[in-house]
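If you read the sequences in order, they're chains A and B. Take the first sequence: its letters are residues 1 to 262, numbered as in the numbering used here. Take the second sequence: its letters are residues 1 to 327, numbered as in the numbering used here.
Don't take every hint at face value.
Stated by the list, open to error - Some chain A residues near chain B, calculated using beta-carbon distances under 7 Å: (1) Asn3; (2) Gly6; (3) Thr9; (4) Arg17; (5) His20; (6) Lys22; (7) Gly87; (8) Phe88; (9) Lys90; (10) Glu91; (11) Val94; (12) Ala95; (13) Pro96; (14) Ile123.
Hints are computed from structural coordinates only; laboratory data are not their basis. Predicted model, so just to flag it, every value in this text is computed and none were measured. Note that beta-carbon positions come from the ideal geometry of N, C-alpha and C, so glycine has one too.
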Amino acid sequence: MHNLLGVYTIWYRDILRFWHDKARIVSAITFPILFLFVFGSGLSSRMGLLGDGVDFIQFMFPGVIGMSVFMASFMAGVSLVWDRELGFLKEVLVAPVSRVSVVLGKALGSATVATLQGTIILIFAPLIGISFSTLTVLALLPLMFLLAISIGSLGILLATRIKSMEAFQAVMQMLMFPMVFLSGVFFPMQGLPGWMSILAKINPATYGIAPIRQVVLGASLDSSFSINLFGHFMSIWNNVAVIAVFGVVMVLLAMWSFGSQE
Amino acid sequence: MNNYIIEVENLAKKFGELVAVNDISFNVAPGEIFGFLGPNGAGKTTTINILCTLSKPTSGKAFINGFDVVRQQSQVRQSIGLVFQDPSLDERLSGIQNLRFHAMVYNVRAPAREQRIEQVLRMVELWDKRNSFVRTYSGGMKRRLELARGLLHYPKVLFLDEPTLGLDPQTRNRIWEYVLELQRREGTTIFLTTHYMDEAERADRIAIIDYGKLVALDTPEKLKRMVGKDVISVKTSDNNKAAEEIRLRYQTEVRHDGGELTFEVSNGEEFLPAFIKEFGTRIVSISLRRPTLEDVFLKLTGREIREEEVSDVFKAMVHQHARRMRR
Numbered sequence: 001m002h003n004l005l006g007v008y009t010i011w012y013r014d015i016l017r018f019w020h021d022k023a024r025i026v027s028a029i030t031f032p033i034l035f036l037f038v039f040g041s042g043l044s045s046r047m048g049l050l051g052d053g054v055d056f057i058q059f060m061f062p063g064v065i066g067m068s069v070f071m072a073s074f075m076a077g078v079s080l081v082w083d084r085e086l087g088f089l090k091e092v093l094v095a096p097v098s099r100v101s102v103v104l105g106k107a108l109g110s111a112t113v114a115t116l117q118g119t120i121i122l123i124f125a126p127l128i129g130i131s132f133s134t135l136t137v138l139a140l141l142p143l144m145f146l147l148a149i150s151i152g153s154l155g156i157l158l159a160t161r162i163k164s165m166e167a168f169q170a171v172m173q174m175l176m177f178p179m180v181f182l183s184g185v186f187f188p189m190q191g192l193p194g195w196m197s198i199l200a201k202i203n204p205a206t207y208g209i210a211p212i213r214q215v216v217l218g219a220s221l222d223s224s225f226s227i228n229l230f231g232h233f234m235s236i237w238n239n240v241a242v243i244a245v246f247g248v249v250m251v252l253l254a255m256w257s258f259g260s261q262e
Numbered sequence: 001m002n003n004y005i006i007e008v009e010n011l012a013k014k015f016g017e018l019v020a021v022n023d024i025s026f027n028v029a030p031g032e033i034f035g036f037l038g039p040n041g042a043g044k045t046t047t048i049n050i051l052c053t054l055s056k057p058t059s060g061k062a063f064i065n066g067f068d069v070v071r072q073q074s075q076v077r078q079s080i081g082l083v084f085q086d087p088s089l090d091e092r093l094s095g096i097q098n099l100r101f102h103a104m105v106y107n108v109r110a111p112a113r114e115q116r117i118e119q120v121l122r123m124v125e126l127w128d129k130r131n132s133f134v135r136t137y138s139g140g141m142k143r144r145l146e147l148a149r150g151l152l153h154y155p156k157v158l159f160l161d162e163p164t165l166g167l168d169p170q171t172r173n174r175i176w177e178y179v180l181e182l183q184r185r186e187g188t189t190i191f192l193t194t195h196y197m198d199e200a201e202r203a204d205r206i207a208i209i210d211y212g213k214l215v216a217l218d219t220p221e222k223l224k225r226m227v228g229k230d231v232i233s234v235k236t237s238d239n240n241k242a243a244e245e246i247r248l249r250y251q252t253e254v255r256h257d258g259g260e261l262t263f264e265v266s267n268g269e270e271f272l273p274a275f276i277k278e279f280g281t282r283i284v285s286i287s288l289r290r291p292t293l294e295d296v297f298l299k300l301t302g303r304e305i306r307e308e309e310v311s312d313v314f315k316a317m318v319h320q321h322a323r324r325m326r327r
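Please take these sequences and the hints and turn them into a complete structure.
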């Protein structure tokens with residue numbers, strides 16, 4: 001019971017900090033939007049329809065949502081490294097809450113913030129000719145949250161081992177950009193060169209972003225947007241299962257690593 | 001066994017070859033102000049880290065409030081408050097938000113919570129600044145907020161690791177007023193590390209630690225008495241007559257030192273008023289010099305406590321100065 005309050009408190013702090021940090025909210029919105037409209041609009045007119053009556057900017061839209069969720073959730077690791085560097089982590093570590101609660105609170109906090117950021121981007125859907133029901137939004141929330149908590153836990157796991165801000169940022173860049181670029185944010189998963197297809201398919205983010213796209217675009221199962229794994233077209237639930245398993249493993253690893261390190 | 005709030009038995013901590021804490025044992029009674037005095041790198045912070053469950057001992061045992069610091073971490077953490085050497089506040093939250101966070105993770109229940117937060121904030125005179133972001137606070141204000149936070153959850157023991165390091169004298173005094181008030185009002189045990197002598201003086205008992213070893217443990221008075229007696233210097237209208245009178249009356253050696261007479265007594269503060277009252281020769285001036293903790297440390301370790309942290313040039317100056325002062 002007390003540990004639950006601990007999880008809640010650590011979660012709540014992250015939300016408060018996000019709310020205080022207006023600059024972060026603004027950049028959280030502008031960056032993906034910039035991507036969407038500059039990149040998307042620029043290429044959209046040349047590429048025409050990609051299939052299923054979807055043009056490039058519409059195709060990219062759910063990918064950009066996934067990308068902003070991905071990037072925001074990775075911040076869980078950054079925030080942990082910051083807390084260590086600025087001393088606040090000590091306050092948390094001597095508090096009578098378990099290490100497991102700390103990791104859980106951090107992961108949930110960053111996942112909530114990331115989901116919030118992803119949701120804000122949904123507002124721009126009408127501008128690019130995508131419409132969806134409230135039900136779609138309700139279906140997207142848990143999908144974004146799932147992606148966020150998995151990637152956030154990966155960030156926390158890294159932060160338990162990489163203690164300096166400089167090193168963490170270097171590793172994050174090295175990991176984050178390839179993971180985003182090879183996750184099908186910017187291109188359909190089918191018809192990729194062999195090596196790229198393999199890298200994309202072992203990238204866990206792919207399975208977090210794919211169901212978001214499937215829900216937003218309502219694409220058919222065997223469309224060119226689906227992931228074809230060993231001749232099997234991944235359904236929404238297939239993708240969810242993969243990212244969920246990855247997420248559970250990451251959360252457990254992060255808890256174990258944090259408990260043994262601090 | 002239950003008479004002590006802190007019990008430490010043969011505690012040791014090694015980092016590879018380096019022995020940071022070497023077989024330390026001591027007990028602290030409830031309500032005591034217990035000082036840990038030693039130069040930087042002596043093992044003070046390592047000991048605190050073990051006592052507050054941040055670090056595990058290589059060997060030995062320690063109990064806080066009857067709880068084992070290795071096996072009952074959660075109970076130990078609930079029993080203690082901490083003010084760290086380095087700041088540990090969330091600068092992006094306001095003062096009151098930092099305290100709320102603390103109250104919640106320490107399980108201070110909602111009805112009492114806001115009341116207690118107001119009480120501690122008023123005590124350290126930060127109530128008016130409660131809604132400002134901590135990053136706008138001065139160094140002294142941050143330390144005061146940390147102090148308020150450390151005692152928010154009614155800890156049995158409050159650990160202060162160099163609580164006034166880098167603060168100006170006024171702020172240091174204020175901090176001490178709060179600490180003493182807290183100890184008086186709530187009976188909190190204070191465990192303090194410091195390398196400031198005047199700060200150590202305020203402790204009920206002092207443990208002197210050097211190279212990880214406990215070299216002495218006693219009240220400041222007794223420690224100082226260990227080094228030597230109090231020295232009284234007196235100037236009179238007739239020094240020769242006075243010297244004779246002192247010799248006869250107090251059976252003690254008297255030295256002529258310039259225009260003054262100096263002699264040693266064991267309890268200078270009590271001796272002085274009686275001496276002035278009953279002395280036959282007219283006294284022109286009189287002074288009492290007592291051994292300081294600096295002298296104690298020097299005698300026990302052969303080094304001065306400040307030596308390590310000042311630059312060589314400055315060190316030489318301090319040395320000369322100190323030698324002159326002692327003479």
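Under the constraints set out in the numbered hints, which ones does this structure not fulfil? Of the numbered hints, 1, 6, 14 do not hold.
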